[in-house]
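These protein sequence lines are chains P and A, in that order.
So for the first sequence, the numbering used here puts the first residue at 1; every next one is plus one.
So for the second sequence, the numbering used here puts the first residue at 1; every next one is plus one.
No lab work stands behind these hints: they were computed from the structure.
One thing to keep in mind: the hints can contain errors.
[Claimed, not checked] Think about it this way: if two alpha-carbon atoms lie no more than 27 Å apart in a straight line, the pair counts; the simulated DSS-like pairs of lysine-lysine are: (1) Lys325/A <-> Lys207/A; (2) Lys139/P <-> Lys49/A; (3) Lys46/P <-> Lys49/A; (4) Lys207/A <-> Lys46/P; (5) Lys139/A <-> Lys2/P; (6) Lys207/A <-> Lys47/P; (7) Lys196/A <-> Lys46/P; (8) Lys196/A <-> Lys207/A; (9) Lys319/A <-> Lys118/P; (10) Lys118/P <-> Lys75/P; (11) Lys152/A <-> Lys218/A.
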Amino acid sequence: MKKKKLATVSLAGCFGCHMSLLDIDERILDLVELVEFDRSPINDIKKFTTRCDIGLIEGACCNEANVHTLIDFRKNCDILVGVGQCAIMGGLPVMRNAIMHSDDPLRECLDEAYLNSKYVYNPSNEIPNDPALPLLLDKVYTCPQVVKIDYQIPGCPPSGDMLWRALTALITGTHFQTSYEYELIKYD
Amino acid sequence: MPKTKVIEIEPLTRVEGHGKVTIHLDEHNNVDDARLHIVEFRGFERFIKGRPYWEVPVIVQRLCGICPVSHHLAASKAMDVIVGAKKITDTAEKMRRLMHYGQMFQSHVLHFFHLCSPDLLFGFGSDLKDRNVIGVIAKHPELATQAVMMRKFGQEIIKVTAGKKIHGTSSVPGGINKNLSIEERDPLLKQIDQMKEWTRGALKIAKDYTVEHLQLAKEFGTFNSSHLSLVREDGALDLYHGNLRAIDANGNIIFDQVDYQKYYNFIMEEVRTWSYMKFPFIKTRGHVDGWYRVGPLSRMNTCGFIDTPEADKALQEFKSVTNGKPNHMSLAYHWARMIEITHCVEKMEELLNDPDLQGTDLLVKGERQAEGVGLIEAPRGTLFHHYKVDENDLVTFCNLIVSTTNNNEAMNRAVKNVATRYLSGQQKITEGMLNHVEVAVRAYDPCLSCATHAIGQMPLKVELYDVNNNLIDEKSKGL
Ligand code: SF4
Numbered sequence: 001m002k003k004k005k006l007a008t009v010s011l012a013g014c015f016g017c018h019m020s021l022l023d024i025d026e027r028i029l030d031l032v033e034l035v036e037f038d039r040s041p042i043n044d045i046k047k048f049t050t051r052c053d054i055g056l057i058e059g060a061c062c063n064e065a066n067v068h069t070l071i072d073f074r075k076n077c078d079i080l081v082g083v084g085q086c087a088i089m090g091g092l093p094v095m096r097n098a099i100m101h102s103d104d105p106l107r108e109c110l111d112e113a114y115l116n117s118k119y120v121y122n123p124s125n126e127i128p129n130d131p132a133l134p135l136l137l138d139k140v141y142t143c144p145q146v147v148k149i150d151y152q153i154p155g156c157p158p159s160g161d162m163l164w165r166a167l168t169a170l171i172t173g174t175h176f177q178t179s180y181e182y183e184l185i186k187y188d
Numbered sequence: 001m002p003k004t005k006v007i008e009i010e011p012l013t014r015v016e017g018h019g020k021v022t023i024h025l026d027e028h029n030n031v032d033d034a035r036l037h038i039v040e041f042r043g044f045e046r047f048i049k050g051r052p053y054w055e056v057p058v059i060v061q062r063l064c065g066i067c068p069v070s071h072h073l074a075a076s077k078a079m080d081v082i083v084g085a086k087k088i089t090d091t092a093e094k095m096r097r098l099m100h101y102g103q104m105f106q107s108h109v110l111h112f113f114h115l116c117s118p119d120l121l122f123g124f125g126s127d128l129k130d131r132n133v134i135g136v137i138a139k140h141p142e143l144a145t146q147a148v149m150m151r152k153f154g155q156e157i158i159k160v161t162a163g164k165k166i167h168g169t170s171s172v173p174g175g176i177n178k179n180l181s182i183e184e185r186d187p188l189l190k191q192i193d194q195m196k197e198w199t200r201g202a203l204k205i206a207k208d209y210t211v212e213h214l215q216l217a218k219e220f221g222t223f224n225s226s227h228l229s230l231v232r233e234d235g236a237l238d239l240y241h242g243n244l245r246a247i248d249a250n251g252n253i254i255f256d257q258v259d260y261q262k263y264y265n266f267i268m269e270e271v272r273t274w275s276y277m278k279f280p281f282i283k284t285r286g287h288v289d290g291w292y293r294v295g296p297l298s299r300m301n302t303c304g305f306i307d308t309p310e311a312d313k314a315l316q317e318f319k320s321v322t323n324g325k326p327n328h329m330s331l332a333y334h335w336a337r338m339i340e341i342t343h344c345v346e347k348m349e350e351l352l353n354d355p356d357l358q359g360t361d362l363l364v365k366g367e368r369q370a371e372g373v374g375l376i377e378a379p380r381g382t383l384f385h386h387y388k389v390d391e392n393d394l395v396t397f398c399n400l401i402v403s404t405t406n407n408n409e410a411m412n413r414a415v416k417n418v419a420t421r422y423l424s425g426q427q428k429i430t431e432g433m434l435n436h437v438e439v440a441v442r443a444y445d446p447c448l449s450c451a452t453h454a455i456g457q458m459p460l461k462v463e464l465y466d467v468n469n470n471l472i473d474e475k476s477k478g479l
């Protein structure tokens, strides 16, 4: 069987979903027999070198760069999988969208971190404004709000076992089981 | 202004989290400046306000999936203070310690083998195709298998102590919500000798690498700095608890045995307009000279000794390389990390054999406090969590200085040092040369993921220039 090509990325996420993928433990040795990794933070491939069969997305969209990366993944992958709560529902990053009694939560978050704290030394009271920094979005967007996502694997993170099952099903083209034992479907 | 050319390394790979490097070249292709940027913003310090305090140790881990245990425990320690638990029970503290050593072990193994070993095994400028963990699996299958099994062991320790491998839930304000059953313990205890043996092997690889490449290590991202960490009262390395100690570049004490509840009298963070990440500094030394390093290298420099025999022997060897003076080599972080996993495996054995872990006295409470600080030596260095909670149990203030942020200035210096050395004046800049810069960043094992908790700032305006310096596009957001 020809090896499938796999790309992965972490947008605004905590990297826990990537870590959970490593929790497949020894099975990683089998995984590298089944797939060839293209763009991914685990190797040094920074741009797609080829079209990929499967793209795994961790994290939501917090800034412009996240959006561009996600669109790039959609363009270059046949199947796009949202992995984990952040990608699907926004997860922790999305907490900044809803701050009680606030019309501009992002602004409040920024002020808190930089301008209001007495523990910060900022004599100029200036905001970092280097063009190297991507523009932040007004709010955090989930992946399905930006592009079409083909499959979602919920959990924070989904367990290594769950990821292994899902991934092997996608790679070998077998059908995903519809019922799983409790441990695998209990997401927290 | 003279025209400069900017090279970007983005995304940084084989580091955890999100970041990029920009290198500015002048018209002679010499490096004018080089910077490490963190490109994400979370806003945690604001949106945690209004949440009940007992949620915090669980929520806060989502800042970072690589060392979630560190955030889980630092927040718990702060919340111990809030609930007035002056001293948690032995069972609770030992469970937390075991969890922490498991975390330190898996994180260091992951960093050394999965992320960095390709650079050390194949060379900094080696073929891109091999230079990753899959290349290691292909060419050194035995080593790769060991690495996988070692990390797995650390994760299993976390699972039985925290309830879950990533983002556990067991540590709660005032203690812990589970003990360690014999059934959970025994299978782990059986593996400990194997882990010790593999750890010795890993330590040897890291030590031999450094000693054999000492000339390179002395020149590659090496610069004088102060160092900071927690130490035990007797000066021993302590990864879970202690007081703050800082030394200068010559090893002289700047401050020692500082109670971290008042860390803010000693440390402050500077905001600079060109970076998303703040720059912490030691107040008495000022914002220009007060920067310091943290993490495994710093811990080896600040501690007097290690209270487990194999790790202490390794520490003495480590110190002999610099004649007992502080070691300032960025590449020596790898060796220091492997000394720490030696310590962790010794501690894990001790704890797994300790009947206190089966104790049932798990929680204490005392007089409720309004403010609490929790510090821990996380894999990447000292981690600060500071909270205030009101009478309705809701968080009203939060300040975090994550480990990686403490190394911000150091990483920027390492980037500039290595970029200048390997890129200046080159006619053609290759991918391999750029990887040298990444090797320097990687040595710090930056967790750019947690570093983004609050370091973003809205760029007010983004301007795009063409090569002739004409403004071709502009984006702005009114604040
Ligand atoms: S879903 Fe959870 S584990 Fe995955 S990136 Fe988000 S916070 Fe991290």
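Evaluation of the provided hints:
Between the alpha carbons of lysine 325/A and lysine 207/A the distance comes to roughly 18 Å, so the proposed pair stays at or under 27 Å and holds. For the suggested pair lysine 139/P and lysine 49/A, the alpha carbons sit about 18 Å apart, so the restraint of at most 27 Å is met. Pair hint lysine 46/P plus lysine 49/A does not hold up; C-alpha atoms about 37 Å apart against a cutoff of 27 Å. Note on lysine 207/A and lysine 46/P: the hinted pairing is violated, with a Cα-Cα distance of about 31 Å set against a maximum of 27 Å.
Distance restraint check for lysine 139/A and lysine 2/P: the Cα-Cα separation of roughly 21 Å lies within the 27 Å cut-off, and the hinted pair is therefore satisfied. Between lysine 207/A and lysine 47/P the alpha-carbon distance is near 35 Å, which puts this suggested pair outside the 27 Å criterion. Taking the CA atoms of lysine 196/A and lysine 46/P, the gap is about 36 Å. The hint is violated against a cut of 27 Å. About 16 Å separates the Cα atoms of lysine 196/A and lysine 207/A, which keeps this hinted pair within 27 Å; it holds.
Under the criterion of a C-alpha separation no larger than 27 Å, the hint pairing lysine 319/A with lysine 118/P is inconsistent with the structure, at around 39 Å. Using a Cα cut-off of 27 Å, the hinted pair lysine 118/P and lysine 75/P is violated, with the two alpha carbons roughly 46 Å apart. For the hint pairing lysine 152/A with lysine 218/A, the CA-to-CA distance comes to about 34 Å; that exceeds 27 Å, so the pair is violated.
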